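J.: Residue strings, one per chain:
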Amino acid sequence: MTDVWYAVSDSTRRQVLARVAAGPCSVGEIADALPVSMAAVSQHLKVLREAGLVSMTPAGRRRIYQARLEGLAELRAELDTYWTQALQSFKEVAEASYRAETTEQKEQQ
Amino acid sequence: MSIIREPTSVDLEITVDVPVEHAFKVFTEDFDRIKPREHNMLPVEIAETVLEPKVGGRVYDRGVDGSTCQWARVLVVEPPHRLVISWDITPDFRLEPDPARCSEVEFSFTSVGPEQTRVRLEHRHLDRHGAGWQGWRDRAAGDSAWGIYLERFRALAEA
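Here the protein sequences line up with chains F and P, keeping their order. To convert, note that position 60 of the first sequence is 134 in our numbering; the numbers rise steadily by one, no gaps. To convert, note that position 88 of the second sequence is 89 in our numbering; the numbers rise steadily by one, no gaps.
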């Protein structure tokens, strides 16, 4: 699989990706929107597809390109890590303060 | 620690060896020691995170220079069993001003023994942030958004 960093390292390719992300479109539509030939657009799309950033669906004789909106999956992975960390800290803080409290009570008795 | 896998929520659970009242009290009063510090939208380091445990209360980070960043609202407080806060942060890590585009996080505390509490966390309605993702699309032609996006991507890839 092509590296995502490499895929977005080229400014023309980023423009192609931005156009695809704005809505499903064909190679011709992308070429119309940018100062780039259809052959060059196809090359950029190939790299973007290999990096998993863009998907293609055949529609009759046309090929429709679409950005892969996987932001949600990424967001979930990130929040999972974040909250797991928070709950682990919570467990440590709650148990330590409870132990301190009960020890203090025992000493007072 | 992960349990159910809804596509638009994050569900976690942990068992803590303390009574339910203590668990709730620590969670709401010591939130500062629970929230990961590195999650920070202020330009300076966080001095303290405050959770105001009342409906309509704010959840905010206070920076070492006194500046604040409110990133959540308290929606439900039912001691010692339930706390719900909003999550007013976009996927690309900015504050979300539109409540309709915010997700929410519910914490439930269930006593499973005299000195044992099960805490469940559900961060739900993540799809509401979808609009934020579309916002990213609009900015994608420029270079600035890429920095943020790629940094996040890198962090995930290296995790």
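No wet-lab data here; the hints were simulated from the structure. Note that this is a predicted model, so its numbers are computed, not measured. Hints may contain errors.
[Unchecked claim] Chain P side only, calculated, beta carbon under 10 Å to chain F, not exhaustive:
(1) Lys36
(2) Ile47
(3) Pro92
(4) Ser104
Even for Gly, the Cβ is constructed at its ideal location relative to N, Cα and C.
J.: Each hint: holds or not?
T.: Hints, verified against the model:
no., hint, result
1, Lys36, "holds, 6 Å"
2, Ile47, "violated, 14 Å"
3, Pro92, "holds, 5 Å"
4, Ser104, "holds, 9 Å"
Consistency with the previously given hints fails for number 2 only.
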